[in-house]
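*Asks:* Make a model of the complete structure from these sequences and hints.
Sequences listed follow chains A and B, in order.
So the first sequence is residues 58 to 350, counted in the working numbering.
So the second sequence is residues 23 to 496, counted in the working numbering.
Calculated directly from the structure, the hints in this document are not laboratory data.
One or more of the hints may lead you astray.
[Claimed, not checked] Simulated crosslink set (DSSO-like; lysine-lysine; CA at most 30 Å straight-line): (1) B/LYS102 to A/LYS181; (2) A/LYS181 to B/LYS79; (3) B/LYS384 to B/LYS422; (4) B/LYS340 to A/LYS181; (5) B/LYS340 to A/LYS196.
[To be verified] Just some of the chain A residues that point at chain B, by a computed CB distance under 10 Å: (6) VAL121; (7) PRO156; (8) GLY187; (9) TRP289; (10) GLU310; (11) PHE312; (12) LYS314.
On a predicted model such as this, the values are computed, not experimentally measured, just so you know.
Every residue gets a Cβ at the ideal spot worked out from N, C-alpha and C, and that includes glycine.
Chain by chain, the residues run as shown.
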Amino acid sequence: MFSNNRTGWLLLSPTIIILLIMGLVPFFYVLYVGFFKWNPLAVDPSMQFEGFGFNYRRLIFDEVFLASIWRSIKFSVVTLFFELGLGFILALSLLSSFPLKSFFRGVHTLPLVIAPIVVGSIFKLFTVQGLGPLPHLLKDYFGYTLNYGLNADQAFWMIVIMDIWHWTPFVTLTLLAGLSALPQDPYESAKIDGANNFQIFIYITIPMMVPVLIVVIFIRLMDSLKIVDEVWMLTGGGPGYATRFTGIHIWKEVFEKRFYGLGSAMSILYLYITIVICWLLYSVMVSRGKNED
Amino acid sequence: MKNLIIALVASTFSFAAMADGHAEWWKKAGAPYAGTVLQGVAENTPPGQFAGEVLAKEFEALTGIKVQLENTSWDSMYDKAIKDMEANSGIYDFVYIEQDIVYDYLNRDFLVNITQGLANNPDLQAPGVSLDDFTTFIDYFKDGSGDVFGVPMEAFIKVYLYRKDLFEAADAKAAFRAQYGYGLTPATSFDQYRDNAEFFTHYCADNGMECWGTTVQGHTGHPASTYEFLESIGPSFGLYNWGVNMDNYHSCVEDGGQLNGGRAKAALNFWTQLLPFAPPEALQSTWSEVGASFAAGRAAQGWVYGENAAWIATDAEKSAVVGNVGVMLPPTAPGVMTQAASGNGYIGYFDGGAYGIPHSSKNIEATMLWLQYVALNDHQADWAIAGGRITHKDTYADPKVLAVDEQADGYFSLMRDTGFLYAGAPPFPFHGAGRGAIDPFIYSALAGEMTPEEALDGACKALDQVMSDLGYQG
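*Replies:* Given below as structure tokens:
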């Protein structure tokens, strides 16, 4: 028994060591730094302990930080809504047969393999005023001026579109895997009972897909809450604060302004908020699933 | 590219000439370090490319020391260099120090004292290298006692460029006079600059040309826009040192600063009102895009960084306006030129950078040799032609440089004769933090989300908060 346990621990040890070094040590270091006032550009560049709540108290009243959190949540909810909707439609489409289905599935998956920073570059080249083709086309054919360097709403929605383009294939593929694995018996029973396609979708497909949906929603939610690269490349967080999501805000505070203590506290607080949002969502979805059972 | 190829060929000859003189010394000095690989990181500019593609190879051939220079984007360069020096990891043996960051690096004791290092190692002192050969730009890389911490490799002034072909077009001249009541000439005042910008925007549109009246380095999510305002537009209106009172480190008018004062607000108003006359890409333009826009013939005039001025004027492979580029000092408000001439102000940004050695470098002595090689007089003229930069006094008089100077409408002469009117960034150790506090307000003013007055009132408060947080206000 002991020998079996020892072998098990031995096999697990590389994973545990990597987890400790790459995950827990940095986390606790960030937590530790978050309790200090520390900026190497200051007159006194050393770490100064000013109480456990010093940075956190400040953040509670930091309008720019709070606004960035609200902006990130809004962005995540919006992108999640569209990605789930589109992803579901595409996954259902891919269940049926149509010409060039394999080709479409391959092309549709391509954005997934592109690095976020490259996605940002592609969209920038495509949409930048004066040089990109999209503003020209929109102006010439629809009389619409696309200038996200000037218009805050356009900047926000451009990032939303970019995220949808990038990540909908992930949602589609995951949902397609889930849909393909669903048992056929409930569908056959429903058809015998005279249910139409809409009723089957609402009362059979969706409930059976809840576990897959929970996984997709969590992964996409956590991912979109920490978006940085694409935004950095496309708008740099501007115009003004329009696309300054929390990830970008933390980057600017830590690496441009060198507020290491405050930036660490921001990271911890944002992690906490992300966990709370996910926990709330999980609780709601699980309880709804139980009620429906 | 053409300039770089010419420089490659020319430098081969000068390299041979230099090798005749002191080749033995370099071989001997480099022998203990032969096989060493020096890693460097710098901004990807034409001078940086010359250093990486020409000087590094020559140096390796002479000493056996390999130099791998990673020329990358401005943001990435800082990110890599600072993280390396903070973590003391020793990845880089030399880093690019832009003039505006040097006070931060010195404050944090990142850099090796080159003067002291050479004094302690007389065997490493290369013949033919003298720090006295540099222009006064090297002073920015000295500490209080005069010791050098960075070897300048590029220096430029931010000039006013204009399209000679447009300004000299007979129909344009006639139309301008009819519309504004005075003659069309490159701008010497802000009103004239605005009139020129407005005029050429309509003139280009009427004549089916893809060009506008002025450049604006107005990216609404990149520090480049803040820099254009604080280092070019602001000073030409008489806003110096970001409007910070250097005695008490306050920037708001009520506390003795100037960032939200009359001159600053006039400057920001002027600048933001140029946007309707700028190419559509202006609000996504950093210094690189401004250079590219002007080179593509998309602007009639503008403030353009000197590192771009020479190639825009001379490199037909990259520039559509070769032979049509005029170079002048930018317009200034009344009194600013007098203040600059007397040393009490400046009209714009003296840009540039140096290579320095981080304390974390594992090859400090070999890197000292490399930096001295960079400082040799022998290749300065070719480097100036390839990169439009001059760091040595004698380079101005070199026949090859004089020839390019003529092609570039006297850009080098202008730098030589009027460089003293320009200044580098103010000596703020908190440079990055302070600028980061101002950025969002400049972005908002450019995007029209705030009036220039609101933006500067907000910016000065944010900057004061940063200076207070960092302990500079006592």
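*Asks:* It remains to establish, for every hint, whether it holds in the given structure.
*Replies:* Hint by hint, here is what the structure shows:
no. : hint                 : in the structure
1   : B/LYS102 to A/LYS181 : holds (24 Å)
2   : A/LYS181 to B/LYS79  : violated (36 Å)
3   : B/LYS384 to B/LYS422 : violated (38 Å)
4   : B/LYS340 to A/LYS181 : holds (22 Å)
5   : B/LYS340 to A/LYS196 : holds (28 Å)
6   : VAL121               : holds (8 Å)
7   : PRO156               : violated (41 Å)
8   : GLY187               : holds (3 Å)
9   : TRP289               : holds (9 Å)
10  : GLU310               : holds (8 Å)
11  : PHE312               : holds (7 Å)
12  : LYS314               : holds (4 Å)
Violated hints, listed in ascending order, are 2, 3, 7; each of the other numbered hints is respected by the structure.
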